[in-house]
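Using the sequences provided together with the hints, build the complete structure.
Chain by chain, the residues run as shown.
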Amino acid sequence: MTRDVHDSAGQANDPTGKLIAALESGSVACLFAMVVLVALVKQVGSHFGGLPVGWADDAISALLLWLVMVGSAVAAGRLGHYRVRVIESLFPTGVAVVLMRLSFLTAAVVSLVLAWYGLRAVLLELEFGRVVLDRVPLWAIYVIVPAAFAVMAARFLAFGLAPSPVFRLREDKGSGR
Amino acid sequence: MIGLVLLLVLAIGVPVFAVVAMAVLTGFLQAELEPALLIISVLELGDQVQLLAVPLMSFVAAILGRDYYLNSWILPISSMAGENSGLNPSSIAVRLLSALASGCAVGLTMVIPAVLYTAISEVAAPRHSVSAEVLLVTALIPVALVAVAAACMPGLGGRARSVFGSVSVAAERTGRPLWDLGAAILLLVAVVAGWLALLDVALVAAIWAAVTRVLVFHELSWQQLTDKAVRAAVTSAGVLLVVGLSLAWAAILHDAGTLQALSDGIGRGTGQTLAFLLVASLLLVAGGFVFGLQIGVVLIAPLIVPVGLSLGVDALGLGVMCLVGVLLGRGSLALVRAPLPEGGGPTS
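Protein chains in written order, with my numbering: chain A, 82 to 258; chain B, 2 to 349.
Just so you know, not all the hints are guaranteed correct.
Claimed, not checked - Taking CB as the label site, the calculated pair distances span:
#, chain 1, residue 1, chain 2, residue 2, range
1, A, Val217, B, Leu38, 22 to 28 Å
2, A, Trp136, B, Leu7, 40 to 46 Å
3, B, Val193, A, Val179, 51 to 57 Å
4, B, Glu220, A, Leu171, 49 to 55 Å
5, B, Ile41, A, Leu121, 50 to 56 Å
6, B, Ser333, A, Cys111, 37 to 43 Å
7, B, Glu35, A, Phe129, 41 to 47 Å
8, A, Gly126, B, Ile186, 23 to 29 Å
9, B, Leu279, A, Arg211, 35 to 41 Å
10, A, Phe129, B, Leu8, 38 to 44 Å
11, A, Leu171, B, Ala194, 49 to 55 Å
Unchecked claim - On the chain B side, residues computed to face chain A include the following (Cβ under 8 Å):
#, residue
12, Met2
13, Leu5
14, Phe18
15, Ala191
16, Thr227
17, Leu275
18, Leu278
19, Phe292
Unchecked claim - Computed footprint of chain B on chain A, listed as stretches where at least three residues anywhere in the stretch have a Cβ under 8 Å from a Cβ of chain B:
#, region
20, 147-160
21, 176-183
Everything labelled a hint here was simulated from the structure, so no lab data went into it.
Beta carbons: idealized from backbone N, C-alpha and C, even for Gly.
In structure tokens:
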């Protein structure tokens with residue numbers, strides 16, 4: 082039996098939360114469908130020949146990066162990132178909540194640092210002015226990295242500073258990863 | 002000291018990606034490298050197109066159910082093999098069929114770890130990288146043997162049946178897993194024959210799973226399919242973020258020569274190699290137990306690949322060891338979580 086922080090189901094009860102959840106799911110679903118479609122076109126084209134699929138590798142690279150970063154930002158809001166819950170399951174609820182806050186705040190700081198370095202990389206790319214897919218500037222693809230890390234930092238910070246009721250602990254068989 | 006702090010941070014529940022990022026940033030600062038280089042490996046994540054197999058296979062797993070092939074085939078069949086003790090012809094036939102079915106069924110389960118291991122080893126040991134297809138095919142034989150051997154142990158057989166018996170009964174009633182096993186066998190034959198790469202296999206498997214469940218068996222609506230796609234994409238995004246950061250970790254370990262210095266300190270010889278293999282195996286089983294197949298490979302492979310290669314261990318052999326080790330760890334977790342069968346009889 083493991084205890085787990087209640088996920089963000091609470092925020093989905095209000096209209097704003099529902100809208101954000103729908104937008105997130107829609108974005109991830111669209112990115113996933115697009116990357117599958119492009120990969121399918123590329124693989125069919127390369128196996129059977131005749132189709133000009135030279136653009137497909139760049140498109141898959143960009144879509145995969147966006148899928149990873151948008152998915153990671155969504156996972157942060159749903160507490161879906163891989164975590165080890167050894168210590169928190171050994172302590173009483175009060176101590177476990179403190180440890181959880183500490184872990185979320187640590188994750189927020191790390192995400193913020195990654196967002197900062199991501200921003201620097203984007204600014205560097207802006208100076209280089211490289212393009213992919215004929216006319217798409219590379220910085221426009223890379224910009225998702227600092228943006229997603231910033232969203233992750235905000236979400237982890239919100240979890241870390243949230244009032245106690247948000248940290249309802251539930252007993253859930255086999256929910257831990 | 003830093004390693005202990007990171008382990009503590011990991012243990013209190015800080016997400017794995019943040020811990021890996023902290024480890025990499027610390028390594029960069031110690032090596033007096035620009036920390037911004039960490040982001041480069043994340044930016045270049047998309048360049049490894051083969052990693053697309055991760056969300057695709059996660060999508061397959063989301064549609065069919067977590068550990069579907071493990072639950073539907075490997076443990077129930079292995080459990081049957083365990084019940085047929087003795088060396089009569091029918092028992093031998095059952096065991097051989099178990100080995101075949103388990104090997105084929107587990108093949109698709111191992112696609113993701115094989116792809117992840119290949120991506121990591123290309124950075125950790127650029128001159129010794131192995132093809133994911135070759136690795137998968139080579140790993141199938143020991144994996145099948147491990148599954149059957151584990152099933153022949155009385156305690157394991159009983160636990161497996163208690164957990165997965167209902168799935169096995171469902172499989173007999175519907176016959177659908179037979180379709181899926183057939184598809185798995187066809188896909189693996191295509192990989193062995195060199196007709197398909199692992200990314201092709203993942204694409205075909207994803208389309209197969211979606212089409213059969215939505216259009217043929219009508220088990221899922223389009224809305225449910227979309228929900229499963231979102232869940233799979235979000236889950237695999239978390240894994241791939243760890244992969245991106247681990248690539249930087251593997252690169253710094255490789256560039257700084259840290260592990261090379263460690264292996265030089267260990268020395269070379271049969272005893273050292275055996276000790277390394279033992280420690281690495283334990284690490285992999287522990288990694289699979291705690292983190293699961295995917296994260297287990299991503300975290301442990303950068304550590305053991307450079308040391309193993311410097312001790313003269315074959316690169317392909319290391320890959321097989323990685324896959325089998327984390328699978329054993331993952332399987333152990335399933336067995337630990339499983340309740341003992343009522344009545345206490347292990348295989349009764």
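Do the hints match the structure? See the list:
1. Val217/A x Leu38/B: 22 to 28 Å: 24 Å, holds
2. Trp136/A x Leu7/B: 40 to 46 Å: 42 Å, holds
3. Val193/B x Val179/A: 51 to 57 Å: Since the Cβ atoms of Val193/B and Val179/A sit about 53 Å apart, the hinted range of 51 to 57 Å holds.
4. Glu220/B x Leu171/A: 49 to 55 Å: Since the Cβ atoms of Glu220/B and Leu171/A sit about 40 Å apart, the hinted range of 49 to 55 Å is violated.
5. Ile41/B x Leu121/A: 50 to 56 Å: 29 Å, violated
6. Ser333/B x Cys111/A: 37 to 43 Å: 39 Å, holds
7. Glu35/B x Phe129/A: 41 to 47 Å: Between Glu35/B and Phe129/A, where Cβ atoms are some 45 Å apart, the hint holds.
8. Gly126/A x Ile186/B: 23 to 29 Å: 27 Å, holds
9. Leu279/B x Arg211/A: 35 to 41 Å: 48 Å, violated
10. Phe129/A x Leu8/B: 38 to 44 Å: 51 Å, violated
11. Leu171/A x Ala194/B: 49 to 55 Å: 51 Å, holds
12. Met2: 18 Å, violated
13. Leu5: 14 Å, violated
14. Phe18: This hint holds: Phe18/B lies near chain A, its Cβ roughly 6 Å from the closest one there, short of 8 Å.
15. Ala191: 12 Å, violated
16. Thr227: 5 Å, holds
17. Leu275: At about 30 Å, which exceeds the 8 Å cut-off, the nearest Cβ of chain A leaves the hint on Leu275/B violated.
18. Leu278: This hint is violated: Leu278/B lies away from chain A, its Cβ roughly 26 Å from the closest one there, beyond 8 Å.
19. Phe292: 7 Å, holds
20. 147-160: holds (count 9)
21. 176-183: Coverage by chain B holds for the region 176-183 of chain A (3 residues, Cβ < 8 Å).
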